[in-house]
Amino acid sequence: MNASFMSELTPKEPTVNLELALDHGLTHEEYEMIIDCLGRTPSFTELGVYSVMWSEHCSYKNSIIELKKLPREGEHLLVEAGEENAGLVDIGDGLCCAFKIESHNHPSAVEPYQGAATGVGGIHRDIFTMGARPIAALNSLRFGSLNTPRVRYLLDGVVRGIGDYGNSFGVPVIAGEVYFDESYEGNPLVNAMSIGIVKAGETASAIAKGIGNPVLIVGASTGRDGIHGATFASEEISEESEAKRPSVQVGDPFTEKLLLEASLEALQTGAVVGMQDMGAAGIACSSSEMTAKGGQGMRINLDLVPAREPGMTAYEMLLSESQERMLIVAHKGQEQAIIDVYEKWDLHAVVIGEVVEGDHVTYWKDGEVKAQIPAEHLVLGGGAPQYVREMKKPAYLQETQSADLSGLTHPENLIESLEALLHSPNIASKRWVHEQYDTMVRTNTVQGPGATDAGVIRLKGSKKGLVAKTDCNGRYVYLNPRRGGQIAVAESARNVVCSGAKPMAITNCLNYGNPYKPEVYWTFKESLAGMGDACRKLNTPVTGGNVSFYNENPESAIFPTPIIGMLGVIEDVEKHKMSPSFKNEGDIILYVGSSRIGLGGTEYLKVIHKLTTGDAPILDLDVELKVQQVVLKAITSGLVTAAHDVSDGGLAVSIAEMGIFSSLGAQIDLSVLSGSIHEIWFSEAQSGIVLTCQPDQKETLMKHLLQGGVEVVQIGTVQGDALLFEGVGSVSLDHLHSIYESAIPKVMS
Amino acid sequence: MGVVVFPGSNCDHDAYHALKYVMNADVKFLWHKETDVSGLDIIIVPGGFSYGDYLRSGAIARFSPIMQELIEYAKKGGPVMGICNGFQILLEAGLIPGAMRHNEQLKFICKDVHIRVESTQSIYTSTLQKDQLLKIPISHGEGNYYIDNDGIKELQDNDQVLFRYVNAHGETTQQANINGSVDHIAGITNKQKNVLGMMPHPERAMEQLLGKEDGKQIFESVLQVLAIT
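Each protein sequence line maps, in turn, to chains A and B.
Following the working numbering, the numbering of the first sequence begins with 1 at its first residue and continues without gaps.
Following the working numbering, the numbering of the second sequence begins with 1001 at its first residue and continues without gaps.
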């Protein structure tokens, strides 16, 4: 150990002992592990570094064992999950797609605007740190009931934050979802996804290697914002959380735009060995992860870091989560080329250290070593702890899964029920939200948010397109964790198929309660197993993502919500892109897929009967796969004029949406389907798709579907400007349209 | 043709793509620190957030090196087209009269809107029909154009208003005035009519694949009048 090390215990710093370690969120056992590894009591700075690196947020200590059970390999995957900052998929034509989803739930709960904004910034940085230019964004949002002023405040702030950051940064939002349920009261979910494109062979890696290679910090200067943000994200939201507002970082999209352009340009110089963005745990995390990956050491002089304010300690500098910064390892002697690029963009690029022999990260300040730790010991997959938590099946499942729904008294007027569903904020138009986002910048958006099942973008210079969608119905996962996990994957894949694309791979953002609660952990494990089932069956491996635990409010945990970000590739975007709106008068309407059975977990049950109970909707993964394959083939063969998956609200809502999106009506006869009428109309049974085709194509299409082994039946014809349900009644599209469009604006104004 | 690139421009590549690959025109980027604009038939000031625009859209951009040259170029009659943030910058630079306020509803709005061609007496509209409707998207938080009563009269007297926000039937209803602009103004020129500022983004409405191509007609007019090939 360096001699100057001991003098580091200045009177200003607290004495490190077990109590302080516990205050930092470490356990007794973890504190002992640190002492064992270092062979001494850690310094105050070291304790700080350990506490963030071993926080749930950075170490995945309570999730990694389960995450490793997910299918993470596939022919198109270029990096294994967790290896780099984001997943990387080969999409052909010499192009690769980097994509990832990440949560910013806790910051958004206390400071919605900045919390959401920096979430967007962070995920884009993960993408361009791999050398990919972000070209599309999605976001998945969950809030409590819109009837409370606090929720309206959160929604407004989150949407403005996402909008202001992304609009300025210049990446379009192409899809997403917003969902409301009391379970998210006090703990909203803000999950942001970014998709980027990079030429094959031009990707960057987050690695530090090559003895003597200089280490640079680039981008914004380092301030006292966001210190212990990662730790904050690793505990429950409580009354005291408001006091943690300073843990929330402040975003600067303009600087991020400069950082993007400069970083992509810097990579072109060939002077970059490795690059990693600074998100959670700032310099500490980026330097130790890059070092551990390279298997050598790193020495950093914190005095050289451009600081926003004087007097910052080593502890503060290492843990600062100031945004819009990156760490770069350059080839020795070529650092000036990198500095020149950043200076062109008016950004800092300063050499603060070098790659050295050994395997330690060493941080100096004021001529003293403030921390010296084996890098491997800090990081996920290395010395960071890994736990399997205690598990217990939640007691409520017994009650909900055996709930007898057959005795329900249903309202007689089906059309009134349909109207009520279209008025539910979960189904109603989210125009109020997505019109605040730039959905078209970069001129690639073929289908943006709104009247679509998934976002579609073209790739300039290629015939191909990318299709993406986020999805997860937390209510299903709550009622049946395993099947709910399966459905999240299956439904997002179905959305992608309905847009004309082949599902390729997923990224996921796993939002759960406190993993130390056995019921939460059981649910986590079960739903991940469900995701794994579906990913294997549909051949959509997991490329990476993010885990967010401790999503609780004073009353209870949120619905377990594993958000899936599905990526699909459309071979010929001009020819194969598909949308849900009715296209032509006279087109035949077909229902394809599984029987409409079961009302458990439906929006109908929630809205009409005020119930969240029953079992999750039925799903047979073999049927699902067959339906998706056969329908995709039909779409790419040019047999289909519109496609819409049946999801929240059921078949009646799907049909109504196809009409609302197009202003074309339909004559519908649902008596051709078997089952009780309320189930036919409102069941959310999986693996169902509504298709339309031109009358002269009907025979060919039906033959194709039947030969593919899926059930298909004609349920109507596109015509007029009303929905006429045989034997039930009729309703004008103008009327439904106004219900659908007005629900959210009315509450928000 | 030149497309100005401020560090926070984000529609620069869109304008470049539209001109080069859809219109097949010869086009180059002009970095904001550059000072040479010679030999250009037209300069596009694209959308985005020039220098972050935390103060006021375009307030800092107008002091950039390229803008000093651009102002000279415009004063000599050189055609300049400011789109969205470009419009805001041209206002700040005093090349066109008026000012921009936050949208009436105080929210960013991105959507397709209809605009009506109000005058064909400009290089930007000479091949279009008066009262013709164009479906072109807007995408801005500060597009609420303001000018005082004398100013508006002058604009009208000189036939400087090129585009107004209307509904799908071409009517200037209150609802169609998407951001609350004075007199429904979506695009105006300077008195000499060589400088255009417009909030809608024609460069986003160029290809049927993306669902709209009315913006193309504006660039077709420019290329035809200036005889650019």
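To be clear, the hints were calculated from the coordinates, so they are not data collected in a lab.
For glycine and all other residues, C-beta sits at the position ideal for the given N, C-alpha and C.
Hints may contain errors.
List of simulated lysine-lysine pairs, DSS-like, C-alpha gap at most 25 Å [to be verified]:
#  : chain 1 : residue 1 : chain 2 : residue 2
1  : A       : 575       : B       : 1028
2  : A       : 344       : B       : 1028
3  : B       : 1076      : A       : 464
4  : B       : 1193      : A       : 199
5  : B       : 1028      : A       : 577
6  : B       : 1111      : B       : 1130
7  : A       : 577       : B       : 1216
8  : A       : 575       : B       : 1153
9  : A       : 460       : B       : 1130
10 : B       : 1076      : B       : 1193
11 : A       : 746       : B       : 1111
12 : B       : 1191      : A       : 460
13 : A       : 460       : B       : 1111
14 : A       : 575       : A       : 393
15 : A       : 430       : B       : 1076
16 : B       : 1075      : A       : 575
17 : B       : 1153      : A       : 577
18 : A       : 463       : A       : 502
19 : B       : 1153      : A       : 460
20 : B       : 1191      : A       : 430
21 : B       : 1216      : A       : 464
22 : B       : 1193      : A       : 463
23 : B       : 1020      : A       : 464
24 : A       : 463       : B       : 1130
25 : B       : 1193      : A       : 575
26 : B       : 1020      : A       : 583
27 : B       : 1111      : A       : 430
Chain A stretches covered by chain B per the calculated footprint, using a threshold of three residues with CB under 8 Å from any CB of chain B [unchecked claim]:
#  : segment
28 : 660-673
29 : 702-716
Hint by hint, which ones does the structure fall short of? 1, 3, 4, 5, 8, 9, 12, 14, 15, 16, 17, 19, 20, 22, 24, 25, 26, 28 and 29
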